[in-house]
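Each protein sequence line maps, in turn, to chains U and H. At position 333 of the first sequence (counting the first as 1) the number is 333 in my numbering, and the numbers step up by one without a gap. At position 270 of the second sequence (counting the first as 1) the number is 1270 in my numbering, and the numbers step up by one without a gap.
Please keep in mind that the hints were generated in silico from the structure rather than gathered at the bench. Watch out, some of these pointers could steer you wrong.
Okay, the calculated beta carbon distance ranges per label pair [claimed, not checked]:
1) U/Asn316 with H/Asp1397: 31 to 41 Å
2) U/Asn316 with H/Ala1390: 21 to 31 Å
3) U/Glu59 with H/Ala1390: 24 to 34 Å
Footprint (simulated), chain H over chain U, 3 or more residues, beta carbon under 8 Å [unchecked claim]:
4) 20-28
5) 201-214
6) 255-266
Note that CB positions come from ideal geometry on N, CA and C, so glycine has one too.
Spelled out from the first residue to the last, the chains are:
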Amino acid sequence: MGYQTPYAPTRSELSSCIQCGLCLPHCPTFRLTGKETDSPRGRLTAMTAVLDGVTGIDEVFTETISFCLGCRACEPVCPSMVPYGRTLEGARAEISAHKGGVLRRLRGWIMESWLGSPGIMRAVTWATALVQRTGLARIAPRRVRSGLRGLRRIGWRTPSLRGRTFEPDRAPVATVGLLTGCIMGPWFAEVHQASIAVLVRAGYRVVVPSGQTCCGALAAHDGAADGAGRLAVRNAAAFRGVDYVVANAAGCSAHLKDYRHWVPGDALSDDWRVRDITELVADAVEDGRLPRLEGGRGTVALQHPCHLRNAQRIINQPRVILEAAGYQPADIDPVCCGAAGFYSILRPDTSSRLGRDKADEIRRSGAALVASANPGCEMQLRSHLVGEYPVLHPVELYMQALSDATESRA
Amino acid sequence: MAATLTGRNTKLRDDLIRLLGAERVMDSALERHLYAKDAGVYRGNPTVVVMIETTEEAAQVVRTARRHGVPVVARGAGTGLSAGAVPEVGGVVLVTTRMNRIEEIDAENHTAWVGPGVINLDLSRATTPFGMHFAPDPSSQSACTVGGNIACNSGGPHCLSEGSTVNHILALEVVTDTGDVMIVGSGAPDPVGLDLRGIIVGSEGTLGIVTRALVKLTPNPPDVRTMAVAFATIEDAAATVSGIIAAGLIPAALEMMDQLMMQAIENWLHAGLPVEAGALLLAEVTGVTEAVEAEAEMIAGIAQSNKALSVQVAASPAERELLWKSRKSAFGAVAQAAPDYYLHDTVVPRTRLVEAMRQVYEIGQRYQITMMNVFHAGDGNLHPLMAFDASEPGRLDEVKAAADELVELCVEKGGVLSGEHGIGMEKRHLMPLLFTEMDLDAQARVKDAFDAEGVFNPGKVLPEGSRCFDFGRPVPEGAWV
């Protein structure tokens, strides 16, 4: 009975919920089923029930916690400021510790050892590129097929950025360390290129520390807490000395900002500061370090990744960037798109349902393309929009507009 | 009907599964635990929880429960505070959240048929394109359901001018204790025969299960002014409230909060509230532009003459929304002061607000309980919030004792037990403060007329011993009753 790991939800975290229920209508799973068990309040009460020994970590508890998307839409609307995302990670770590199981351990191993290894990611990338080029995708299992459909066209091999430094043409505003991440590097190489170009143009020195690894968010969200902790410790060491750690995937920047929960006190530098790239670029636009370009590029559907909006409360910055690029952004309802990391593979039905709703909304928005600042959301949107719309990172769209402006001037 | 039912009842569960399917019937220990309470402090013990989707299913669940000798407790979003949806003696918790269809909006007649599971704010959002809204606006309106509003006859800030839920319900479809379906009221403004709507609305699920409602929609006002007025003391703010009403104005809303409350809200929302002030008055006037401008000016004048520190008028819809969000999130923000809270609901005559408030703080001091106050000043509806830590032994009992004192003081001043939250389990023992034995007996007879066997939400609202006579005895022929 009770909890057994150091990651468990604590009494003080849980007792900050006063059960007012204001979170309920904001929760996508509660909206789907109308059940208390599928609401944030219900999940917190369930976690407290286990803490108090009212129930154990049984099938019902596991289902309640596993059904959660981890979108954290409950957090910004909570007047009691309950740290829901943290307690969820803790509860999932407990389920993993309690239940074990071959499949769960395998997942934990993949999330730490595969995502954390550039060599394995290269091999996976090569295999995926092969699948993309041979039509093997057609015979892939359904859960994987939807993910494959959402991918960009990926190269056989992407040159690594690690160990490189990019200098601005003037005295740097600050030194930022770019997280290349697990899949961002090989699968979203264009986003990294655009990020580096825009950051340098904004006056930042960009370093790409070679000792870095996967941020550990996917492991943490899935309950592979020990692995997530080890990945975090490696990054904490690799990024020492930079002014800001910057990530261009909302899920990664959100998790990096939570490192105090994952890295023992002295292993994390006191001035550990993390920014999502949309924050740095929007700041630069507003300070005049990056130009506001001419308008008339049309309407772009602006999707708000949960880990940008709910976890980091970054709401306005992507809009600032898109407007500076000359687009007219149309906000898409911020409810989770259903990607939610590995959720789309673990629970394809719920994921697809939310993905379809999101795609329908984008179709109604009148936009010609879609902006999303998170790779998971991007894949989900592309998969459900089945090739109808280009889906790109806001910073990529800004970079394109910047190149177009430079060319037309030349 | 059995008085206490604890633990699971597999026969009942299996019958319900045959009716609804396994996905919609819950009876594991954890599921029953999650449905054991609402947003208040009382806990019950459900036997089984069902998710219903249609009127027919509700009727069949009632018949099934009755066959098993088990009561039925209706529940919406579970945001209630008086334990109306708490299954005190066990039974079937019948959840209406899936009955959330807005069936038809009649824009010409300003009405809509809605399911009981429709979220209050969703209804107003859905009717915005027609220039209308559902007027009752409890603070929990973003989460609470219309069914719950009907059960508790809920109010909200704007009930000062618009009246509470009962004024916005035209007809109800109700599942009776026999599992039959009846309609009370109609679209006509003055229904023929006895008007039973006022009996069903506010009956807290003790008379039947509402499965559909014909609600009245209110046209959105052409213009609105929302003002935040800061005062050094609650007394100055209360004097302003009296002044506004005495001047013949009925603002759309007139809300007050004290300094502690402002600080807790500000800490979360960063709405720019004047946290250094002793009290904040939120006043809203609606109507045609010329009228709202004149009324806003009058209110500002009355506030100035009562030593207002500042008068701020919301300059944009976003500013107005932020002011209301700060008011409506108040009760959640209280958790920053202590892990548990008890949000009270009593009413005093408006003229006695100042002395009542003074005594509220005295009670807080005597029990060493942090009292934060946010309330509907315009209609004298107090909401003292008591922040406490329930894990301290005996603390909850002290808080409940303090709560009883609060009610007693309000009733002494000519007030009533509850403004809008309902009686539930929370205040039934206080009913005799307000009602004579005859009154209570009359209410018990109404209950018996609808639900003689006590199928619906047993033990709620009326205290034990409300019935003066033994109705089980056959009445002699020809006797006058």
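Q: Check the following: the C-beta atoms of asparagine 316 of chain U and aspartate 1397 of chain H are separated by a distance inside 31 to 41 Å.
A: Violated - the Cβ-Cβ distance for asparagine 316 of chain U and aspartate 1397 of chain H, about 48 Å, lies outside 31 to 41 Å.
Q. At the C-beta level, are asparagine 316 of chain U and alanine 1390 of chain H separated by a distance inside 21 to 31 Å?
A. violated, 40 Å
Q: Check whether three or more residues of the stretch 20-28 of chain U sit with their beta carbon closer than 8 Å to a beta carbon of chain H.
A: Contact hint for the stretch 20-28 of chain U vs chain H: holds, 6 residues under 8 Å.
Q. Are there three or more residues in the stretch 255-266 of chain U whose C-beta lies within less than 8 Å of some C-beta in chain H?
A. violated (count 0)
Q | Proximity test - 8 Å, beta-carbon atoms, the stretch 201-214 of chain U to chain H, at least three hits | A | With 0 residues close enough to chain H, the hint is violated.
(Q) For the hint 24 to 34 Å, verify it against the beta carbon of glutamate 59 of chain U and that of alanine 1390 of chain H. (A) The hint (24 to 34 Å, Cβ to Cβ) holds, given that glutamate 59 of chain U and alanine 1390 of chain H are roughly 29 Å apart.
Going down the numbered hints, you'll see the structure goes against 1, 2, 5, 6, while the others check out.
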